[in-house]
Structure formats: structure tokens, C-alpha cells
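With the hints as a guide, bring the two chains together.
Protein chains in written order, with this note's numbering: chain G, 1 to 337; chain E, 1 to 116.
Calculated from the structure, these hints are not laboratory results. Careful: at least some of the hints might be erroneous.
[What the hints assert, rightly or not] Some chain G residues near chain E, calculated using beta-carbon distances under 7 Å:
(1) Pro52
(2) Gly218
(3) Thr227
Think of the CB as a built atom: it goes at the ideal place given N, C-alpha and C, for glycine as much as any other residue.
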Amino acid sequence: MAQFTLDGLSIKGIASCVPANRADNRDIIGIAPEKLESLIQTTGIRYRRIAPPEICASDMCVASAEKLLQELGWNPDEIDALIIVSQTPDHTIPGTATQVQQRLGLKDSTLALDINQGCAGYVYGLSVIGGLMKSAGLKKGLLLVGDTITRTISKDDFSLVPIFSDAGSATAIELDGSGSDWHFETGSSGEDYDAIYIPEGGARHPAKGTANHLTMRGHAVYTFGLTTVAKSIKALMERVGANASNTDYLVFHQANQLLLDAIRKKAGFEPGQVPYSLHDYGNTSCATVPVTITSCLNAQLSEKETTLLLSGFGVGLSWANVWLTTNRICCPPMIEL
Amino acid sequence: MAEQPLFIWSKCDGSALAELSGIFLSLGRTRITVIYNMEKPDQEAFLHTIREQFVKEPDAIGMETHFRDLKEWSSMQSLIVITAIDEEWGVTIKEQEMNGAQRIADIYQLTCDKVN
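Chain E extracted, bound-state conformation (with noise of 0.2 Å):
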């Protein structure tokens, strides 16, 4: 008889997830399907996150803030930022998607979808 399918919904990270996976292997199933469910970015931590990546003055970003406006920022400093997202929350905010953004409000909202 076919195996049934065996589905995890999970939260947790990639460790936590393999052992996870491990268990269930051991215990007979050769076949797993994680539906992996990233949390959505926190704003706070989101915003600390993006003003980490700022020397100057990193205090006075906000939400609101028009990015492209602050004198730091620049075509390599977009690069830094959507480093930080990608090792953060495991989205990359594409070329296309980032030149419609104004406000750091804009790059969480890209960010949130993404995980979503």
C-alpha cells in the first residue's frame, strides 16, 4: 500500500527542522513535505535591523523615512541592506521590487510579502 503523505507545518528553524525530519524517518517515512512557515518580521526588529546597517546618525531612521533621501545611502548601500534582509528572513528583494520602494515602510512591506 502507497505511503500516505506526511505533512509538517512548521515554525521552527532549519536545525530544529532537520531533527524534526530525522525523527520521523527513523520511525519509517521516506517521504516528508515541510510546509515551512517563516513569522512574519517584527517591525521594531526589522527596524533595528536596518538601522544597524547605517553608521551614520542610524537612530533617525524610521518607518517613514524616504531612504534614498539620507546622505549614506547609495547604490552599494542598497546591496548592504538587502544582504542583511536575505540573512535575516531568507528573502531576496529583487532589482525591480526595490526601485519601487521610497520609505523603509516600502522595503518591510516587500519583506513581509516575501516571507509570507
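Extracted from the complex, chain G is given alone in its bound form (with noise of 0.2 Å):
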């Protein structure tokens, strides 16, 4: 596991954006009444976004931070450095970050870059953009997160489409010097690649038409959540001395209630210091971590000093947790598109 510290970087705003359109699992029609309830229950997603045809994961991505620049009043030519995680870009070439470098009207000079990561997607963003600002004295920098994940998803796969979500999210993040130190712990484990995977339409399976939807091995996936990931929170923890007492919140990539709730125990945290998305946004792939923030933390964070614990696990299989402090950041309410 990589594990490594920056320092002089905070966080100064967390925006997220959802699709208005709002999907609710009691309507899905082809799983028993039943088995529903059980499903809402043991997920604990009850509602989910899904993006009409002309929303894409960048659309949700801008719009969240032009509220953020809004807001903090930064102007687009101060921007150094964008950088998109997604795995749902606009084209296949070229990435999405130069068209929305253009779009938020940021300078030529700007460093955009795009990142295909999925759950852990968020935090490693931050480990990226954060070293890249620190070791070329970028100033000011947006963070991209999003995915349309349920354009990759068949109607007719019942394991998936009562959990998958759309959303993205913008983070604006300053070198400034006096930010708190960001402790990181990351991880990957290729040979599970295909645990979470869509077969066909790369370059190695052209896409024929008959396997290009999203597959996931949801037993694989979940063992991974309650052996791994667990470890590697544990890991982090020990190494930096972070806590349930010294630690505000763990956000956790919402995978599902079942799993958060195992992982929790093990990592020690009271339920009230893990807040959950799922009922609302359901599982938004790598835009989960701020779609959290936004909908359960945003005073909080708004208001007073608070020390983070985030944790994204998943397609890779891959994962990554974060111990952070923000310090009364910029955090609006959900932007609806």
C-alpha cells in the first residue's frame, strides 16, 4: 500500500450536483414486492438519480463548479490546475478536462488532466491534484468528480439497477500553507479487475454489442469491502494516530448499508459519525464521497473545523482513504440540473 502525506493544501469548497429526475426503487417492476423491501432495507437506497440522455457526468461536474467559483469568488484565470475523474467521459477521444477547461472559461495555461478511476475515484483525485499543485506551486485547483454510471448499466440487470446513481462534483483546493496535513493510504488489486467491468468496448474487446454493459461480481466486490478496505482504514489509522475520538466523521464511498455498517464496526466509529447518501442518491460510483458531504455534512463543514476520514473502494479493484481536516470550507446545498 502507497502511503504518503502533502502538506500546505486546503480545501476550500465542495459543490455536487444530481440529475433532478428521481427514481424510486418500490417502482422497479420485474422484482417482487417483497424482495424490494428487503433490497431498500439491506442497501438502504431507497431513491436514485438517473441523468436524461442530454446530462452527461461533465455537465453535473460544471455546474457544481461554477456555484463553487460563484461562491468563493475566484476568477476562472486564477485556476492552475483541473483534473476529471470519471469513468463515463463525454467522447472516448479526446478526455472531457479540455472541454471543460473551455467551458469554466479557465486559462490556456491551465493543467488539465482527465483520470479514469471509479469509487476510490474521489480520493485519489485528491492525492493527484494535491501532489501536482504541491510540487509545481500550482495555486488554486478544481477537482472533478462524476460518473453517469447508469448509462452503463442493462434495465433488465436487476443486481445493479436498484443500487446505481448519477452525479458529479467539483473541489476547489488552494495552496496556501496553512491547510491540515492529508494523510494517504492507497491501494490496488488487478487480478480482481473483472470483479467490476464492462467486457467489451475497449481496445482489447471492441465492442460487439453483446457484453457492453456494466457486470459485477457482487460477492467478490463485498469481501474485498470487509477484508481490504477494513485493513487499510485500520492501517491509515494506526499510522497517523486518527480515531473515533480525534476523527469528526468516516465518509465512505456508499457502496451499501450491509457493508458500511461491517466496515464501521471494525474501524471502531459510532454510527452517528457515519453519514450515509444511499437512501436519497444511491450508489453514484466515484462522485459518492462529495454527494455525501454535500447532502449530510454541508453545515457542518460550513461552520466549524472538522476532521475527515475518507475512504473510496472499488472498481480496480482499487482503493483509497484520506485523513483530513477542512476548516470552515464553502459547501452549498445539492444542485439539481
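Okay, here's the thing in C-alpha cells:
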């Protein structure tokens, strides 16, 4: 596992955006009602947000970024780095970051880069943009994280339909020398690359139209969470001296409630320290951590210094955790598009 | 002179073990190796834990029950059972291992093997 610390960086704001179109898991046709209720109870997911065809992940990220720039009073010309994390880019070629750079009116000298990452993507994104800003002396950066993952799912796959949802987010970061240390713990397990994947559509297996939907081996992902992820969180906590007393919240990638409760217990956190956005927003892929912060913690983060342990894990398989403190950041309410 | 290794063979739980280790550390030991010996799950206790995970007719479930034939069985139910075992005995049954199991007794054996 990679373990490292970045200093001198501050998160200045986090904004998230979801499609206005809301689906209710109770309305799913094809699953017996009693199984549906059990599924809702176990996963914790009642509602999902589904982007219509005209809305891409980048649109929700741009809406979030525009809101943040406006609220923070940042001029687009000040942004030195832009990273977008997504598995559902606007086009296969080119990457989405350059178009977003133009749409946000950022200067030509902005470093603009795409990262293909999933459920661990928010924390990985923080590590990459933070590392770049720190090493290159870039003062202000935007991390955009979002997916329209529901587009990759077959409407007949009742193991995935009730879970996944769409969202985008933006996080404003400044290299100002005043922030807390960001302590990271990251890892990868490519042996199970096919535990969550789309078999066709890449260069290795071009699309033939027979296997171009997302598939997931739920059991493999679940036990990965119970073992590897729980261990990595505990390893980070041990290394940096984090515990449930000096950490306000443990914010998970929103996989499902059953799994997150089990990991929470292993990490020694109380239920009230682990916010869930699952009920209202489902599993929004790489955007779950900012979506959870926006929907559950925006008042807290706006008003108080808050120490957070953020944990993302999933597709790859990969995982990334970070322990950091925010200090009265800009955290507007959820945006709907 | 190098410190002689100290091994603790333990059947106690985590907090008691931490306390025990603390005593040895306070006596000047800097390194302690713990050989942690979990008890093999009691069959009745195991069955009780499994039954608790089912809402419908849990008492009809026995060690010889073919769990995949239960109406309540689903991939999600499988994860609920695995979570209960993980929390109770600290072992995680993996996908391929579970695929080979048909009866509750098979899951019990998997758990025993892992605990040992």
C-alpha cells in the first residue's frame, strides 16, 4: 500500500450536483415487492437520480464548479490545475478535461487532465491534484469527480439497477500553506479487475453489442470491502494516530449499508459518525464521497473545523483513504440539473 | 544481549489480549508475539447465528438445509450471512468458497477451517 502525506493544501469548497430526475426503487418492475423491500432495507437505497440522455457527468461537474467559483469569488483565470475523474467521459477521444477547461473559461495554461477511476476516484483525485499542486507550486485547483454510471447498466440487470445513480461534483483546493496535513493510504488489486467491469468496448475487446454493460461480482466486491478496505482504513488510522475520538466523521464511498456498517464497526466508529447519502442518492460511483458531504455534512463543514476520514473503494479493484481536516469551507446545498 | 522472544498463546478476546500485552510491555518487554487461537464455532451457536439472519421460518433451517433452495435466499442474503459470520468469528468466506457450498453444514465447515 502506498502511504504518503501532503501538506500546505486546503480544501476551500465542495459542491455536488445530481439530475432532477428521481427514480424510486419501490417502482421497479421485475422484482417481487417483498424482495424489493428487503433490498431497500439491506442496501439502504430508496431513491436514485438518473441523468437523461442530454446530461453528461461533465455537465453536473461544470454546474458544481461554476457554483463554487461564484461562491468563493474565484476568478476562472486563477485556476492553475483542473482534474476530472470519471469513467463516463463525454467522448472516448479526447478526454473531457480540455472541454471543461474551455467551458469554465479557464486560461490556456491550466493543467487539464482526465483520470479514469471509479469508486476510489475522489480520494485518488485529491492525491493526484494535491501532489501536482504541491510539487509544481500551482496555487489553485479544481477537482471534478462524476459519472453517469447508469448509462452503462442494462435495464434488465436487477442486481445493479436498484443500486446505481448519477452525480457530479467539484472541489476547490488551494496551496496556501495553511491547511492540515493530508495523510493518504492507497492500494490496488488488479487480480480482480473483472469483479466490476464492462467486458467489451475497449481496445482489447471492441464493442460487438453483446457484453457492453457493466457487470459486477457482488460477493467478490463485498468481501474485498470486508477485508482489504477495512484493513487499509485501520492501517491508516494506526499510522497517523487517527481514531473515533479525534475524527469527526468517517465518510465512505456509498456502496451499500450492510457493508459500510460492517466496516464501520471494524474501524471502531459510532453510527452517528458515519453519514449516509444512500437512501436519497444511491451509489453515484466516484461521486459518492462529495455527494455525501454535500447532502449530510454541508452545514457542519461550512461552520466548523472538521476532521474527516474519507474512504473510497471499488472498481479496479482499488482503494484510497485520506485523513484530513477542513476549516469552514464553502459547501453549498445540493444542486439539481 | 538480544531480548528472548516471548510468545503468548491466547484464547481471550481482543480487549483482554491488549490488556495482557500491556502488562508484559510494562515489565520491559519490547516485542511480543501472539499466537491467537480462536475457538472453533459451537455448532448450535453457529446455527443460531445463521437463523437470526432469516426472517421467514428461521427455525426450519438446520445444518442439512440446502440454503440455495430457500425462498428467502438471494445474492444479498448470502452477503448478510457472510457479514454475520465475519462479525461473530472474524473470518470472511470468499466468493469461490461460497460457490462450492450447498448446505448450512458446508458453510459451518468453511468457517471452522478458516478459524483454525
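The hints, checked one at a time:
| no. | hint | verdict |
| --- | --- | --- |
| 1 | Pro52 | violated (29 Å) |
| 2 | Gly218 | holds (6 Å) |
| 3 | Thr227 | holds (5 Å) |
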